[in-house]
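A.B. asks: Letter by letter, the chains look like this.
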Amino acid sequence: MNLRLILNFILSDWRSGELRLLLVALAIAVGTVSSITLTVDRLQKAMTKEASVFLGADRSINSRKPIPDQFVQEAINRGVTTSSMVVFNSMVLSSEDKTKSQLASVKAVESNYPLRGKLRVAEEPFGPTTETTEIPNPGEIWLNSRLLYTLDIELGDQVEVGYAPLTVSRIIEAEPDRGFSMLDLSPRVLMRMEDIDATQVIQPGSQIDYRLLLVGDDSTFRGLYRALEPDLEGYRWRNVKDSDARIGRALDRAESFFLIGGSMAVLLAGVAIALSANRYARRHFDHVGILKTLGARPRTVLWGCLGLLLIIGLIGIASGLLAGVAIHFGLVWYLTEYLLSNVSEVPAASIMPVLTGIVTGFICLFAFALPPFLDLIGVSPLRVIRRDFRRAGMSSLVTYTCAITGILGLLVWYSGSWEFTLWLLLGIVAVTVTFGAVAIVLLRTGRLLGMQAGSVWRLALSGLQRRNVENTGQIVVFSLVIMLLMILYLVRSSLVEEWQAQLPEDTPNHVLFNISQDQRDDVAQFIDLYASDGDLAAFYDGRVVAVNDEPVREYQSGRPNMPGPRLSSGRQLTWSEDVPDNNEVVAGEWWTPDAEEMEVSVERDYARAWGLDIGDVLSFRVQGQVFDVTISSFRALEWNENAQFNFFFIFSPRVFDDIPSSYRAMIYVPDEHRSELSQLIARNPTMTVIDVDSILKQVQSVIDRVTMAVEWILILVLTSGALVLLASIQASRDSRIKEHALLRSMGGTKKLILGSLTAEFLILGLMAGLVAIAGAELSLYLIEEQLLEFEYAARPEIWIAGFLLGGGIVASVGYLSTRKLVRLPPVTILRDAG
Amino acid sequence: MATTTNENDSILRAEDLTKEVEFEGSSLTILRDVDISIARGEAVAIVGESGSGKTTLLGLLAGLDVPTRGRVWLDGDEISALNEDARAQVRARAVGFVFQTFQLIDSLTALENVMLPAELRGERTAREDAIRYLDRVGLANRVKHYPRQLSGGEQQRVAIARAFCSEPLVLFADEPTGNLDTKTGHRIADLLFDLNHENRTTLVLVTHDRSLAERCQSTTELAAGAVIA
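Line by line, the protein sequences give chains A and B. To convert, note that position 558 of the first sequence is 558 in the numbering used here; the numbers rise steadily by one, no gaps. To convert, note that position 177 of the second sequence is 1011 in the numbering used here; the numbers rise steadily by one, no gaps.
If you're looking for bench data, these hints aren't it; they were derived computationally from the structure. As the structure is a computational prediction, the values presented were derived from the model and not from experiment. Hints may contain errors.
[As the list claims (entries may be wrong)] Here are some chain B residues pointing at chain A (derived, C-beta under 10 Å):
id : residue
1  : Thr889
2  : Gly897
3  : Asn917
4  : Gln923
5  : Ile939
6  : Pro951
7  : Glu953
Just so it is clear, CB atoms sit at the ideal spot from N, CA and C, and this is done for glycine as well.
Turn these sequences into a full structure, and let the hints steer you where they fit.
C.D. replies: Right under this line is the structure:
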């Protein structure tokens, strides 16, 4: 068949609307996939870039040993920007009054620091802060606000770090790679790498943390990592995900969601293409029959089909790509409009997403659309004289193998995971078989005789039963779509809820350390008046020395394989009159506030791991004193390091009567009470305050962005789903319409026909909804428990949604797509249907 | 044997033609031991009641289907021994069809439908020939119309134009007037026989219309799958 003839067919099929659905399905498949991959690609880059701020770089190499020059050289040779830094603890002394000193965490950096993010500095202690990318000049040093208090100095004064005198030129409040760790308590000092030699701090045996910050693109890093890997022993290669567990988890789960969402979009698009190609092929059996009687050879038909597919493919893929690129620009614009100051800050997309779109288009076309097209080759010319004559079509085996191989290839390629693909596919096959069986049972129950044209509902029911094979297929397709959509919607809700729960509105934004006994009441009063939430606890450093008089090391050695923290290691301890929030006594009893006994409450899992029982006597050493306490209860607690202090051991109030304590507080201070906080700090200069507000805001912004991206992907996949429904309804419409045209020619009213068609779709939709709910719950259980590592909980509220979605959407789409045809005179339909 | 033509002159010949189909596990014979020989340029009618096997015989003679037993020669080729591909080539070269249900491709215009066989053969003069034949059947002003915009008679005239446009050696017509009213049917029959005469085409006409059959030079009558006259 020559090109002109093929083009002629395409053109006339387009004019007559035959090709529209196939082309639109293909365009939407490519459009959805490419817009998702393009958006995800760019957002991921943007998110990673944003998250890079937490590391101060894209990657870093950390070690207690100096970073070898070879590492730096290798990185520079590969075009990676580097910046070296050392971090160590050192006493900082006031040059004026050397009795005033404070242990500080010193960070010495090179001039290009920070490679990502900005420093937050102030011109006066606790004053308003601004962002900068500058660092101290040589001979200068920047100190944290509270160091100026403790050293009793002002800006412009000199301090000494080791042997180097340095001038304090600015206040440093935060730097991007500070991270947030309870243990990193010393106030920060920032100085230049050039001045480090003068300090003479770096001596053999000194505790120095060496870091090499790196900025570059992912592929370069892969190469660099491979090159350095043999020598990395003793060095830690860190990426963004390691720098903050919350960001890491959010990014990981978002990627999993994109993977699920993208795979579902591919699957749905494939189904839409298969359905519309099938319909197209079925409607062309006659044409091929005619062509064959006119002398067209099977080979001619084959080339014709391939040519047709190729041209449709090119048009569909090209328009899909255009739409995908346009949608992605819209999405990126929308997201940046709300989240980023400037679209240009979002890194450009790579070529991969575009290739993904193109390849997806071709695979979809050949795996899903080719089999029905190839079926055309086998059409017998005899069909022109005997309408019912159909040769044995292509074996179902070939058709299904083709489709399954296609799906498999696409999913593996798309998700990069065989395991995930196989599970998803197995799930879908299992669901299809089960759905099919259920649908057959539902449809065959109470077989009605004849057309039952007397009433809308009976006509609809008899119609459903007469076409039970076709309808079974349709229920399977509807329920798969509804199921996939419900799964995606619910997974998204779980993700977003979990993310938001990680950082509730009043997550403490300040941590106060070194609160002395006489400062405690001032802080407690501040919390009552100005902090909307807070936790104030006494802190003692201590350790267990014996269990029931058996020295702890011996006790421990009898349990060599116990996981988790050692029993003998140093612990932070506290006392409390009441059971703290988020703690629950699960065994034994909590003491009364005025109890005289020396008791301790132990965290349940820790107690279980070390074989401790209620009534056991533990000996502790705290500040040189050794005392015995009896275990009186076990507690279960939610480890939430962002919101409150957690302890393995909590003592009854009397235990620490004779031991002086210091306190710590974790509080949320709303912006309007920041000045009161400054006053509190000014009144109590020895107290240490860490402001984690900016870190929390950064985390929140990353999480907001991921959430938004997830919502958009949901919308795109929903569109694909709607298309499948439309394709499926279109495909089944032909036989229904012809039958109803006959009924109308025999006197059936439009109302009866339209009513029964809508009722038929409504029943199909409700049945599909029912099956989908069961499938969705089962799949969610697997996805949440296995893939996302959530705890699964049944959701009865979605059951109603499943029914509404199934019944409502299928009936409306069915009604809308058949309404126009019912308005046509029956003779037109009968004549067209042949 | 329904005709008296010398076998050496025959353009279409069948021997012991039998067609059986499987139906619910048993074999059903729809055509039994039919011998037929049709001379070049001859017009032959195949008549019989509904279900007598007329259409099955036409399908076998035209190479649209293969017999269970027996042989068919068309213009020297034993088409019953050829595969689908080779039979298609014979059809493209030597056969034209007119059907009761017209069998036009509804997404193509009248002109495009008529051009189709020539296009399938890759001929370049397809368009001129098609216009000439559409003019000949009286549809010069309907070339751009789609089948659904044409009456039944007009559609059949497009089908006739398509059949003759490829200048076939043998034209198979399956109840060509069956879907038309008497008056239109007569006009179509006139056109068919006129063109057949002009082109010296061999005509195999399947019909249950005796008056139409009488316009042919010979008649083969089938009953229950066998030739009875």
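A.B. asks: If a hint holds in the structure, say so; if it does not, say that too.
C.D. replies: Results for each hint:
The interface hint given for threonine 889 of chain B is met, as the beta carbon of that residue sits about 5 Å from the closest beta carbon of chain A, less than 10 Å. Because the closest C-beta pair between glycine 897 of chain B and chain A is about 8 Å apart, less than 10 Å, the hint holds. The criterion of a C-beta within 10 Å of any C-beta in chain A is met by asparagine 917 of chain B, whose closest approach is roughly 9 Å, and the hint holds. For glutamine 923 of chain B, the interface hint holds, since its Cβ comes within 10 Å of a Cβ in chain A; the closest pair sits about 6 Å apart.
For isoleucine 939 of chain B, the shortest C-beta to C-beta distance to chain A is roughly 5 Å, which falls under 10 Å, so the interface hint holds. Checking proline 951 of chain B against chain A by beta carbon gives a least distance of about 4 Å; that is within 10 Å, so the hint holds. Hint status for glutamate 953 of chain B: holds, given a least beta-carbon distance of 5 Å to chain A, under 10 Å.
Violated hints: none; the structure is consistent with every hint.
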